[in-house]
Amino acid sequence: MPVVEISQTVDARGLSCPMPIVKTAQAVKVLPSGAAIELIATDVGSIKDVAAWCKATGNELIEQTSDGAVYRFVIRRK
Amino acid sequence: MTTETLAPFDPLAEAIAAADGWPEASEPTETPVPVPAAFLDAEAEVKPKDFLIIDYSGDLEKVWATMILASTSAAMGVKTRVFVTFWGLPVFVKDSKRITGENWMQKMMSAMQRPGISHRHLSKMNFLGMGPWMMRRLAKQYGVASPKELLEVAQEMGVEFLPCQMTMDMFGLKPEDMIEGMGEPVGAATVIGLMTDNSVPLFI
Chain A
1 MPVVEISQTV
11 DARGLSCPMP
21 IVKTAQAVKV
31 LPSGAAIELI
41 ATDVGSIKDV
51 AAWCKATGNE
61 LIEQTSDGAV
71 YRFVIRRK
Chain B
1001 MTTETLAPFD
1011 PLAEAIAAAD
1021 GWPEASEPTE
1031 TPVPVPAAFL
1041 DAEAEVKPKD
1051 FLIIDYSGDL
1061 EKVWATMILA
1071 STSAAMGVKT
1081 RVFVTFWGLP
1091 VFVKDSKRIT
1101 GENWMQKMMS
1111 AMQRPGISHR
1121 HLSKMNFLGM
1131 GPWMMRRLAK
1141 QYGVASPKEL
1151 LEVAQEMGVE
1161 FLPCQMTMDM
1171 FGLKPEDMIE
1181 GMGEPVGAAT
1191 VIGLMTDNSV
1201 PLFI
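The listed protein sequences derive, respectively, from chains A and B.
Mapping of the first sequence onto my numbering: residues 1 to 78, in sequence order.
Mapping of the second sequence onto my numbering: residues 1001 to 1204, in sequence order.
It is possible that some hints are incorrect.
For lysine-lysine, the following DSS-like pairs were computed, each having C-alpha atoms within a straight-line distance of at most 25 Å [what the hints assert, rightly or not]:
| # | chain 1 | residue 1 | chain 2 | residue 2 |
| --- | --- | --- | --- | --- |
| 1 | A | K55 | B | K1079 |
| 2 | B | K1062 | A | K48 |
| 3 | B | K1148 | B | K1062 |
| 4 | B | K1049 | A | K29 |
| 5 | A | K29 | B | K1148 |
| 6 | B | K1148 | A | K23 |
| 7 | B | K1079 | A | K29 |
| 8 | A | K55 | B | K1047 |
| 9 | A | K78 | B | K1079 |
| 10 | A | K23 | B | K1049 |
| 11 | B | K1047 | A | K78 |
| 12 | B | K1047 | B | K1094 |
| 13 | B | K1062 | A | K23 |
| 14 | A | K55 | A | K29 |
| 15 | B | K1124 | A | K48 |
| 16 | A | K23 | B | K1079 |
| 17 | B | K1107 | B | K1047 |
If you're looking for bench data, these hints aren't it; they were derived computationally from the structure.
Let the hints inform the model, and build the full structure from the sequences given.
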């Protein structure tokens, strides 16, 4: 698996809906096209919400892992 | 013992077999009907929908919902507008304002419920402020952003807040009473125009 270079990490641990998405959107906005960010969240709703957000905005969810109660998403800007 | 198998009953096949001089199928010579241009362009012309919230209520829980939906929709890249009217309008008065209005009735209204997004009441279980106090504590405990934080985020992300001119007049609110970054006051026709043009409307 190719290693994805992460430009930025959004730490949304402890934050509830909609802040993980809002913070991700704000971070992705200033990113150049093709760059990737990592989102770390504890909100269970973010599993579905991140996927929905990626689908709506056209950004690519390239990785999704979970370590118990902590979820990690890697998103590449379109 | 033997079983007799009957020939399948198929009157259509029999009729076709009996028909004499059945014409051979010929290649269609007609040119296909062209697809109307409107259909071809339809895909190219599809504009992404805008989102329009009509913020009518000033209740804490409804203002919260408005702010969550507005900030999320802006985060999803959707052009978002919030039309602020009636009880929703005092929500967008500066928190520092105590009394607003020009005549005694308008002043009394603002005195009965303090304007500003940080001074909202719950529509039920308010209990003289005990309800909102508990709600805020719970929100903090569960990492839920407050309406004020969400409002700031929404404004940062380009959500337009459009106050209702008529309500501004009726409540005696002046542009300087309102928070920074409010849009120009508009009327119902602007809202209907947006709704019927390209916005998904929501009345809260």
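Consistency of the hints with the structure:
1. A:K55 / B:K1079: holds, 17 Å
2. B:K1062 / A:K48: Roughly 24 Å separates the two Cα atoms, so the pair holds.
3. B:K1148 / B:K1062: Given pair K1148 of chain B, K1062 of chain B holds - Cα atoms ~13 Å apart, limit 25 Å.
4. B:K1049 / A:K29: Holds: K1049 of chain B and K29 of chain A sit about 20 Å apart, inside 25 Å.
5. A:K29 / B:K1148: holds, 22 Å
6. B:K1148 / A:K23: The hint holds at about 16 Å.
7. B:K1079 / A:K29: Roughly 15 Å separates the two Cα atoms, so the pair holds.
8. A:K55 / B:K1047: holds, 17 Å
9. A:K78 / B:K1079: holds, 19 Å
10. A:K23 / B:K1049: holds, 23 Å
11. B:K1047 / A:K78: holds, 19 Å
12. B:K1047 / B:K1094: Violated: K1047 of chain B and K1094 of chain B sit about 36 Å apart, past 25 Å.
13. B:K1062 / A:K23: holds, 22 Å
14. A:K55 / A:K29: holds, 16 Å
15. B:K1124 / A:K48: violated, 31 Å
16. A:K23 / B:K1079: The hint holds at about 17 Å.
17. B:K1107 / B:K1047: Status violated; Cα separation ~45 Å.
The structure is inconsistent with the numbered hints 12, 15 and 17, although it conforms to all the rest.
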